[in-house]
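The sequence shown runs 20 to 156 under this note's numbering.
Simulated from the structure, these hints should not be mistaken for lab results.
Quick reminder that beta carbons are idealized off the backbone N, C-alpha and C, glycines included.
Watch out, some of these pointers could steer you wrong.
To be verified - What follows is a list of derived Cβ distance ranges for each label pair:
1) Tyr141 / Tyr78: 14 to 22 Å
2) Trp126 / Asp51: 30 to 38 Å
3) Pro31 / Thr83: 43 to 51 Å
4) Tyr124 / Gly54: 30 to 38 Å
5) Gly54 / Asp108: 42 to 50 Å
6) Lys73 / Gln110: 18 to 26 Å
7) Tyr98 / Asp51: 19 to 27 Å
8) Tyr53 / Ser122: 39 to 47 Å
9) Trp126 / Pro31: 14 to 22 Å
10) Trp126 / Tyr47: 20 to 28 Å
11) Ser84 / Leu115: 29 to 37 Å
To be verified - Below 35 Å or equal to it, Euclidean Cα-Cα: the simulated DSBU-like pairs (lysine-lysine) are:
12) Lys107 / Lys29
13) Lys107 / Lys77
14) Lys114 / Lys29
15) Lys107 / Lys73
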Amino acid sequence: CDGSLFTSIKQPTPIGDSRFNGTFTYHYYWIDSYGIEEDYEHTRYTFDGTNKVKYYTKYYYYSTSTGWLYSGDYIGDSYTFDYEFEIKDGQYRYKLWDNEYSSWYDWEPYEFSSDGETLTLYNIMNISGLNKILTKR
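Kindly produce the complete structure, drawing on both the sequences and the hints.
Now the structure itself:
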């Protein structure tokens with residue numbers, strides 16, 4: 020075999036900022052004052068210094084009128100994707116990894132805390148104000 024079958028497989032490349040290394044997590048929990056509605060989200064971005072990022076999120080929603088909303092036989096929907104991640108001049112963008120049907124989201128700002136332990140991604144999915152403050156674990 021000459022290997023030509025595998026030449027189209029995308030290979031990770033260094034991202035160019037050593038702070039993009041490790042697992043950063045975001046947690047959100049909200050319950051209204053009467054306990055009628057409840058939201059929970061856990062999101063994780065795992066960076067390994069390359070432009071290939073593992074993304075995982077799990078989301079639950081509950082209301083007394085509908086109960087837990089879920090798929091299958093578990094409570095909560097969870098999703099895992101590989102993203103291609105680019106940075107340039109304090110901005111980031113991403114798309115699904117090696118997927119010909121995925122297109123890049125617009126460039127948006129990101130910011131690290133001075134110790135590199137907190138990463139803020141602004142305007143997730145290009146939605147103004149939808150920011151995620153991620154903590155390194």
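Hints and how they fare:
1. Tyr141 / Tyr78: 14 to 22 Å: This hint holds: roughly 20 Å between Cβ atoms.
2. Trp126 / Asp51: 30 to 38 Å: holds (36 Å)
3. Pro31 / Thr83: 43 to 51 Å: holds (46 Å)
4. Tyr124 / Gly54: 30 to 38 Å: holds (36 Å)
5. Gly54 / Asp108: 42 to 50 Å: Since the Cβ atoms of Gly54 and Asp108 sit about 46 Å apart, the hinted range of 42 to 50 Å holds.
6. Lys73 / Gln110: 18 to 26 Å: holds (21 Å)
7. Tyr98 / Asp51: 19 to 27 Å: Given range 19 to 27 Å: holds, Cβ gap about 25 Å.
8. Tyr53 / Ser122: 39 to 47 Å: holds (42 Å)
9. Trp126 / Pro31: 14 to 22 Å: Given a distance of about 21 Å, which is inside 14 to 22 Å, the answer is holds.
10. Trp126 / Tyr47: 20 to 28 Å: holds (25 Å)
11. Ser84 / Leu115: 29 to 37 Å: Check passed, 35 Å falls within 29 to 37 Å.
12. Lys107 / Lys29: holds (20 Å)
13. Lys107 / Lys77: holds (29 Å)
14. Lys114 / Lys29: holds (13 Å)
15. Lys107 / Lys73: This hinted pair holds, its Cα atoms lying about 20 Å apart.
Figure legend: structure checked against the earlier numbered hints; every hint is met.
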